[in-house]
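Peer 1: Letter by letter, the chains look like this.
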Amino acid sequence: MNIVVCISSVPDTTSKINFSENGTTFDSSGIQFIINPYDEFGLTKAMILKENSGGNVTVITVGDATVEPVMRKALAIGADQAVRINRNPKDSYSTATEIAKYLSENPADLIITGRESIDYNGGAVGGMIAEILNVPFVNACNGLEIEGTTAKLSREIDGGKENLSVSLPLVIGGQKGLVEESNLRIPNMRGIMQARTKPLQVIDPSNTDSLTTSEQFEKPAEKSVCKLVEAGNEAELVRLLQEEAKVI
Amino acid sequence: MSVLVYTENWKGSFRKSTFEAVSYAKETAKLLGMDVVALSIGDVSDDELNKLGNYGASKVLSASGIAKGDSQATSNLFAEHATNVKVIVFASTYTSKMIAPRLAAKLKAGILSNVVDIPFSTTPLTVSRKSFSGKAIEKAIVNTEKTIISLAPNAFGLIECGGDCNIEQISTSQTRSVTIEGEEIATGKISLAEAEIIVSAGRGLKGPENWGMVEELADLLGAATACSKPVSDIGWRPHGEHVGQTGKAVAPNLYVAIGISGAIQHLAGVNSSKVMVAVNSDAEAPFFKAADYGIVGDAFDVIPRLIDEIKKVKN
Ligand SMILES: Cc1cc2nc3c(=O)[nH]c(=O)nc-3n(C[C@H](O)[C@H](O)[C@H](O)COP(=O)(O)OP(=O)(O)OC[C@H]3O[C@@H](n4cnc5c(N)ncnc54)[C@H](O)[C@@H]3O)c2cc1C
Ligand SMILES: Nc1ncnc2c1ncn2[C@@H]1O[C@H](COP(=O)(O)O)[C@@H](O)[C@H]1O
Chain A
1 MNIVVCISSV PDTTSKINFS ENGTTFDSSG IQFIINPYDE FGLTKAMILK
51 ENSGGNVTVI TVGDATVEPV MRKALAIGAD QAVRINRNPK DSYSTATEIA
101 KYLSENPADL IITGRESIDY NGGAVGGMIA EILNVPFVNA CNGLEIEGTT
151 AKLSREIDGG KENLSVSLPL VIGGQKGLVE ESNLRIPNMR GIMQARTKPL
201 QVIDPSNTDS LTTSEQFEKP AEKSVCKLVE AGNEAELVRL LQEEAKVI
Chain B
1 MSVLVYTENW KGSFRKSTFE AVSYAKETAK LLGMDVVALS IGDVSDDELN
51 KLGNYGASKV LSASGIAKGD SQATSNLFAE HATNVKVIVF ASTYTSKMIA
101 PRLAAKLKAG ILSNVVDIPF STTPLTVSRK SFSGKAIEKA IVNTEKTIIS
151 LAPNAFGLIE CGGDCNIEQI STSQTRSVTI EGEEIATGKI SLAEAEIIVS
201 AGRGLKGPEN WGMVEELADL LGAATACSKP VSDIGWRPHG EHVGQTGKAV
251 APNLYVAIGI SGAIQHLAGV NSSKVMVAVN SDAEAPFFKA ADYGIVGDAF
301 DVIPRLIDEI KKVKN
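Those protein sequences? They're chains A and B, same order as listed.
My numbering applies: residue 1 is where the first sequence begins, and numbers increase by one.
My numbering applies: residue 1 is where the second sequence begins, and numbers increase by one.
Please keep in mind that the hints were generated in silico from the structure rather than gathered at the bench.
No false leads were slipped in.
DSS-like mimics (lysine-lysine), calculated; alpha carbons at most 30 Å apart, straight line:
| hint | chain 1 | residue 1 | chain 2 | residue 2 |
| --- | --- | --- | --- | --- |
| 1 | B | 16 | B | 86 |
| 2 | A | 101 | B | 108 |
| 3 | B | 16 | A | 219 |
Isolated chain A, as found in the complex:
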């Protein structure tokens, strides 16, 4: 089975986010980049599927050379090879088009994306790849088993989950539940050594136009100072919530 995991390289979750050039550009100075957490669940699932029933795992990223350390990390976790489409991502459609073009030339049985990227939060690339390739898409996927050419999955729905079965090929948007937190893998020394010599192919983009543009970023307004109420005076808190905040 050929599995392709789409990896987005995102600021570490502890990052303070800043913008430069009048709020038009994300300021990446001092930022540590990581595999998008939702993609990490997908990558681990891909490793487990491969260990259980064989196959090949490719990670793919649309990005410039600065994303390579994150791709090497994915290789150290166990992916067999990496593909970088050499383009700074512009919007979800152009990113999805680049990935879909690669996939139409290098077909996969299972294409794993994340539910959303924690930076742009578009939640769109996976669904778009599926549409361009004309294959099924299951988002917020929190359970997946492969039986032959059929996938048995569950997806999160508001207030519960829905179980589905779908034939491959298929695109999923993964999240926790695909594997558990405790199954996530940290690269070990051997993995890191091997990752250095695993193939990382760089391919030219097709430079599709983007459909949306980010104009300007702002940080949300600072909260005013927290009003502290003495422990023991819970009645006062209730009064404030009723009369001042008017929320209960």
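Following the hints, complete the assembly by docking chain B with the ligands onto the known chain A.
Peer 2: The following block gives chain B with the ligands in isolation, referenced to the frame of chain A:
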């Protein structure tokens, strides 16, 4: 031309998020001088469909015989009805998030998700959206003829206009691409996405056996319960309750955080709440920097007393 809105139902009933999406569609349609058409998927009674008129839909297209969990069939269905449409609106639901991006690629329409307000310009269409997991607000524009907007949770509110709508049953010949085997629904609980009030607790509660007071407080307030990530990772609470940057993003009117330190990843998922209350034994806990109200104290003393005080005012 019109504004099309996806009106999702759960076992035949609409929820607040559906009416919110219709309200949003109506306000956007006003800016554009257009009317609102709602598309409903699945079996919904005429009585229920009629409610959409009250929020601004003038026409409802109702399609049964198609499963909302089948993103390929549903996005094809949407595309069939999108010819004379300028904007397509989706609420922040899991199913919306599955259909909307597919539809965007199909129609080559720019998609903007996590949108928090009606467009502040229509040529080009420009909106504010949440980005960087709530750590930034982004102004984004669409470069295409058609636009797909999907809303951030609880970002807009309801606007009733007392209107009527025409209901039209539509049929579809879309072939099925997935088989729905069934659902597992947590019953009797208010869902996090819909909740106006959320009572959330963290590792400060020491163990799952101590959640009784959290649930009691939530019941009293008509609230949903949530938790921090480590709490669901250890298995004290179900995964569906995990909020934060890597869990659910929520935006209730009131978020009560009990024994939660207020790590940046937790706040990223809850900082759009209108009012936040922190209860923590550590006066230095970062949550007090984000909260509007706080009590420094032991949750095991504070929460039972808070429950008593709320009971007093509720009676
Ligand atoms: C990649 C990544 C993603 C993450 N995503 C998320 C996420 O989505 N959501 C999330 O929540 N976290 C997330 N985290 C984890 C986050 O960094 C924190 O570790 C977590 O939020 C802490 O949970 P907590 O506040 O429940 O526990 P703790 O940090 O252990 O805090 C417990 C708090 O309870 C207080 N306390 C103790 N006893 C009492 C008492 N008797 N009464 C009152 N207060 C008491 C303590 O003072 C303390 O502030 C993520 C971390 C990483 C690395
Ligand atoms: N630049 C990228 N390269 C590869 N995959 C990406 C990229 N951006 C997003 N993705 C994938 O699409 C998912 C959803 O991203 P988004 O639509 O940006 O929220 C991510 O979890 C990744 O799996």
